[in-house]
Structures are given as structure tokens and as C-alpha cells.
Amino acid sequence: MAIWGKTADGVEVPIYTLKSATVEARVMAYGAILVSIKTTDSAGKMADVVLGYDTLQEYLNDTKTHFGSIVGRFGNRIARGQFSIDGKNYQIPINNGANALHGGPLGFDRYVWKAEEVPNGVEFTHVSPDGDMGFPGTLTAKVKYTLSGNVLRIDYHATTDKATVVNLTNHAYFNLRGDDRGDILGETIELNSDQYTPVDAGLIPTGELAAVAGTPFDLRRPTRIGARIDEENEQLKRGAGYDHNFVVNGQAGTLRLAAIATDSVSGRRMTVETTEPAIQFYTGNHLDGTFTGRRGVKYTPGTGFCLETQHYPDSPNHANFPSTVLRPGSTFHSTTTFAFDTVKTE
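The numbering of the sequence shown is the numbering used here, which starts it at 80 and goes up by one.
Simulated from the structure, these hints should not be mistaken for laboratory data. Even glycine gets a Cβ: it sits at the ideal position worked out from N, Cα and C. Each hint should be verified, as a subset may be incorrect.
[Claimed, not checked] Here are the computed lysine-lysine pairs in the DSS-like style, where the Cα-Cα straight-line distance is at most 30 Å:
| no. | residue 1 | residue 2 |
| --- | --- | --- |
| 1 | K85 | K98 |
| 2 | K117 | K377 |
| 3 | K117 | K98 |
| 4 | K316 | K143 |
| 5 | K241 | K193 |
| 6 | K193 | K223 |
[Said to hold, decoys possible] Label pairs and their computed distance ranges (CB to CB):
| no. | residue 1 | residue 2 | range |
| --- | --- | --- | --- |
| 7 | A418 | T217 | 31 to 41 Å |
| 8 | T96 | N168 | 14 to 24 Å |
| 9 | P401 | D165 | 14 to 24 Å |
Given only the sequences and the hints, what does the whole structure look like? Please build it.
In C-alpha cells, the structure reads:
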């Protein structure tokens, strides 16, 4: 552990380094952010495979991308920032067009979490008070990062003293060729999903569970990310590329395959497993060159992709979606793993 710097109000931010023979991950208390993941390619050479910055100040200055952060209290979008629980209405501040995104303008990624070292990793805790960003109930959230061999594991827990909604995820952007090696359109993606949730013009799910078969969203076999991203498809136009929620096949609550991403040039492969019901595949469409990352790289559209394991967006407003309501006496728990290995290069 080291102190990486201080926030504007003088709070120290510790950063932790987790190491194994083939993977090195760095996580910090501000936003419980996954700052970097270095892993070997097929020739044994290390490179960073997530987008990010060299300094704490750069993370403090970036209020848009959510690089590597834990987003909450409700990750992804809530239509008009409105929902109800037990007949009572709640309003979250709008920060994404007409909607609320990632918990509102002051989400969990803007706080310094309490940190505690645990075997093979670190656990972060954040207490969100009743009424924080309009959400009901005092929510205690815990996120634990552990590294064992080639597997980085994230465990999420949350409890509340009043009925609320919760949807926690990590917002890392990946580039398996290396964070300074250009775009990700040549990398391949495979999603274990027969269905996805189409969206309206504001990227809010319509409520439909649509089959991926016969569409550019059929990523059940390894597919180059850029292969269909420019097709004439209304859903792709609305997302300016892929920015959609895919339903993970299998039983939610059990750890199962969600995605496999591969870069045939470096040979790096990442396998994602989760207990969550869904995963958001986002191709960094709104990175606009505003932010400069490590080694002077300007982050532009397609320089990284996200695989955010989650409940469906806008779940509180769709009775047919898995519930995100958490009540006193119950515990929200989910697990996501990222396993890194290599395949033969082309």
C-alpha cells in the first residue's frame, strides 16, 4: 500500500498493488477504482490492458468516463431518474440527457472508500446515507478485489436499513493489445447471451427481451468487435455502436460464463464469469479525445471496451426485469471474475 495523493479537501487516497506470476493489478480507494491490470502476452511481455491515468489528479478531473470505477448506487440508466418502491416515488438527479446515469452526478465513483487489506487483496467500504442522490435508505456497500493466479475477482456486498434499489458494477475499459496500442475493433468478443434488451433513443430499455439471432448483436461465436459495428441497424445507431445490455445465459446467482475477449495480435485472452443476470457491452463510443491517458494516448471512440456485469438498466421501472430492490435484513451479493491467459498469435 502507498498513499497516491490527496483529494481537494485533503483526504489521503491509498493505492494497493496485487501481484501474481502473470498479473499485476492496482486498485485505489478513490471510487474503489481499478487503476491498472498488467498481464503477459503470448511472448511473456507485460502490458497494461485497462485505460487509465498516471496520477490521482487526472482521475479527480475526469467526471465523465468512469474509468475503472465502481459505479452506484445504481449503475447504468434510470429513465427520467424516477422510480417507486411500495408506492412511494423517488427522484434521482438527471445527468444523462433526460435520465439518471450511474447513480446521478455524485455517484459512488466520486468518494474515497474506506480500505482494509484482506488475504490476496483489499476490501473497500462506502456508506451512502439515506437520501443520497435521492435514493432511500442508508446503504453500506463493500467491494473486495482479490487476485489468485491469473484470476482477478470482484465481490460485491450491500445492506440497507430501508427498502432501496442497488446495481453495482465495475466500469473498466479494456484494450487487450495494450492501453496505448490503438483501437479495439480488431479484437474479438464472444458473449454467452441469446437475448439483449433493445433501447429507445435515450438508451433506456423498451422492456423487450429480444433474440440476438439474425442481428449484429449475435455475438455467441467469436466475432471481431468492428465486424458489424457500422451496419445499418437502428439499435447500433442509437448506441453509436455497441452500448447494450445482454442477458447472460444460465441461472442468475450462479457463477457462469458471460464473455470471452481475445486479441490475436498479442495473444491475450480474458474470460469473464459472473453471478449477475446481465452484462453491458460498450465499445467506448463516447470517448472523444478530451482525456489523455498513460503515455500520452488520447482516448477516442473505440480505444477501449467495457464488460459491465449488472442487473438490467432501468430495472426499477420494468416489472418483467430481475428485481434490484434490496430490503432491510437482506444482503445484495454478486461476484465477477476476470481470468487472463494467452492463445496462439496470428
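Now for the hints, and whether the structure bears them out:
1. K85 to K98: Holds - the C-alpha atoms of K98 and K85 are around 24 Å apart, at most 30 Å.
2. K117 to K377: Cα-Cα ~20 Å, so holds.
3. K117 to K98: holds, 9 Å
4. K316 to K143: With Cα atoms ~21 Å apart, K316 and K143 stay inside 30 Å; holds.
5. K241 to K193: holds, 22 Å
6. K193 to K223: holds, 11 Å
7. A418 to T217: 31 to 41 Å: Since the Cβ atoms of A418 and T217 sit about 35 Å apart, the hinted range of 31 to 41 Å holds.
8. T96 to N168: 14 to 24 Å: 45 Å Cβ-Cβ, so the 14 to 24 Å window is violated.
9. P401 to D165: 14 to 24 Å: holds, 18 Å
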